[in-house]
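Work the whole structure out from these sequences, hints included.
Read off the chains here:
Number of protein chains: 2
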Amino acid sequence: MAQHDAIPDQPSISHWIEWLATYGQTENGGVTRLLYSESWQRAQEAMKELMLQHGCQVRFDEVGNLFGRYPGREQPKAIILTGSHIDTVIDGGKYDGAYGILASMLAAHLLYLKYGPPKKTIEVVSLAEEEGSRFPFTFWGSKWVTGQVELEEAKALLDSNGFSLEEAMKQAGFGQPTLALKEKEKIEAFLEVHIEQGVMLERKQKEIGIVTDIVGQRRYTLQFQGESNHAGTTPMSMRKDALRLAAAFITHVTEEAERLDESLVATIGKVVVSPNTPNVIAGGVECSLDVRHANVAYLDAFEKIVFDYREIAKKQNMQMDINRWLNIKPVHLSDKHVQLTRQQAEEAGFSYDVMVSGAGHDAQVFGTFCPTSLIFVPSHKGISHSPEEYTHWQELEKGVEILKRQLYTLAYE
Amino acid sequence: MAQHDAIPDQPSISHWIEWLATYGQTENGGVTRLLYSESWQRAQEAMKELMLQHGCQVRFDEVGNLFGRYPGREQPKAIILTGSHIDTVIDGGKYDGAYGILASMLAAHLLYLKYGPPKKTIEVVSLAEEEGSRFPFTFWGSKWVTGQVELEEAKALLDSNGFSLEEAMKQAGFGQPTLALKEKEKIEAFLEVHIEQGVMLERKQKEIGIVTDIVGQRRYTLQFQGESNHAGTTPMSMRKDALRLAAAFITHVTEEAERLDESLVATIGKVVVSPNTPNVIAGGVECSLDVRHANVAYLDAFEKIVFDYREIAKKQNMQMDINRWLNIKPVHLSDKHVQLTRQQAEEAGFSYDVMVSGAGHDAQVFGTFCPTSLIFVPSHKGISHSPEEYTHWQELEKGVEILKRQLYTLAYE
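Chains A and B are the protein sequences, given in the same order.
Heads up: the first sequence is residues 0 to 412, going by numbering that gives the first Met the number 0.
Heads up: the second sequence is residues 0 to 412, going by numbering that gives the first Met the number 0.
The list makes no distinction among identical chains, and a pair is therefore deemed to hold if it is satisfied within one copy or across any two copies.
Computed cross-link-like contacts, DSS-like style, restricted to lysine-lysine with a CA-CA straight-line distance of at most 30 Å:
hint, residue 1, residue 2
1, K314, K269
2, K313, K380
3, K269, K313
4, K203, K314
5, K380, K314
6, K313, K203
7, K203, K380
8, K269, K154
9, K380, K328
10, K113, K183
FYI, nobody ran anything at the bench for these hints, they're computed from the structure.
What follows is the structure, given as structure tokens:
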């Protein structure tokens, strides 16, 4: 069993991040905590200890989301929830998810030390899962908390070893029915801080990102069908080269994406050529396509461009098949929270940018359920899902400071 | 050990093809005879039996090329050599190589039956290797016969199991010094018939292809270097998408190939994307490029277009590296043979097309050594290097007929 650091004596966001990263630490200096794995279990247990040491009431829900509560003294059933996810991708970074949980814990604790119990309940949440790295399902934790998924829908999902989500959950000690919240308790707001996972804040030299919208995402698998043939004996004019068709498609859709709107992003990141042999004309090509925008109208307009390309394939006597397998709607976050946070950033003297998140976050699940705020701190070089993920401790502390101010306004005033 | 058919009683090209295909037959109905493998050894031994049964003098040379000779009665030291290669690709067809050997044996034998010993020596050759499917070296057999390779150059080459060519050769019983030819013997001509491995004869409904040139081939590995980044958080304008660059290159060079000359072929058949993940912008792409033309000037002109593309990569702050790892010069075959064969095809009443070979053949090695002829028969749908390879027996017989007429003119008249 790996050695873990003891909980640091002094509450400090950077020390806490290093400490939590020892749970699931990889040889590369990254972190792997797949849902319900041993490292994940130990990390949630460690978080539970941290919460207990800092005076929280602690509970797990049925699927393994961990909550640490400072009960409200005036309106205990009104809950201000704050946190992020404990799981990581394989060999991910120390900050993605973990920062949001620990920043929440630290902000809530510092407020508690200074002002005593809040008026409304503050609850820190370490969500079980967001990444979809073990099972083909994302936002398991936040969807469970917000009642957007049933166990029936997900329990039979298999990981790459053929383990079902239900088996894995039971082995980790979860799966017993519980009440997610006590009667009449209500989540009044959800607050999340996260690293940006992009370069915009660093490039613009801004300290805080205030997110207004989380983009919608559509993902497609595209199949281009031509005809394999001998590279030497088939004249150019007689070819049905699926790779040439796919290449023209890539050029076309990336140009169209730029033309349509500057905040639309369209990515072909994966290409599988068949038979993928230097002296054989490609008979088939499979491409991924990932498209994101905060406005459904742009996603629709772009989708039409993609589907229209089938006509070009047909004219070349080839075939193009399109399978859209993911369609996540854009989420518009609370305008009231955005307004509030702008004020607080100004009061704190932090530079900020009001922005759209191109990546998915737990906040997008909560965003359709209750007033939700999502705050970013810079990611060095935009690197994420990698051991190279890095944010300077001073920047981490600014995120904690904003969260403290938000929690104060929502739970103490 | 697999069961093999006995040598058919009646000499017939289609029966012989089926018989030889039992040596190295695969479950798919294909043939696998890698150089010096057990199935290869048994096939050469079977060919030796066939030659002996049909009255040839038989010998192997040092590297395993098999010769069956009808000695000339007037000019025995003047050799008309005819044949092709015995080896196959993995799970290849029954006709590629084998047809040329068996057609030569049949043509020579039929002439011998009818006219007795030739004036000049006719020698049928079953060449050890052409495909390069076991060791990374092609035309081992023909290069040996024509003195274009030394054992020193090739003996240390390793197959995919780490076996050296020399070890494999010795295990198969070869590698002892021999004299390839007796003193003052001279190969005066080389004749090969082969399936076209392309669709031109079938499309044009021609019975015989008379080859004037075998294309030169250049092969390149291209590396496009960009920058991996998050597909959601990196605006289009900030990307260094190596796949987008590679796609534009594919479109550019295939268009330029068409523009340059209708008989130029340029193929990108293999693409490897890194990291090849749907939601990550491609940081690197490796592409193959295979270019063929019968005229070096066109190969040079096209190469310039490829190299010039590096400037476009540079303008996009990306990098393109080009490695040319193969450069086979075009070979112009004997005009005299072409003229002779046209006459003979007309006399035989066969339709024919005078054409360039886009695929490589043993004839290209002999073509720089002695007057050489290469004749094609149609390949159904152009399919080759596959169990689906097929040519109708009547078409096979027409190739034998042309070969008979060529051999008669060269060795009997």
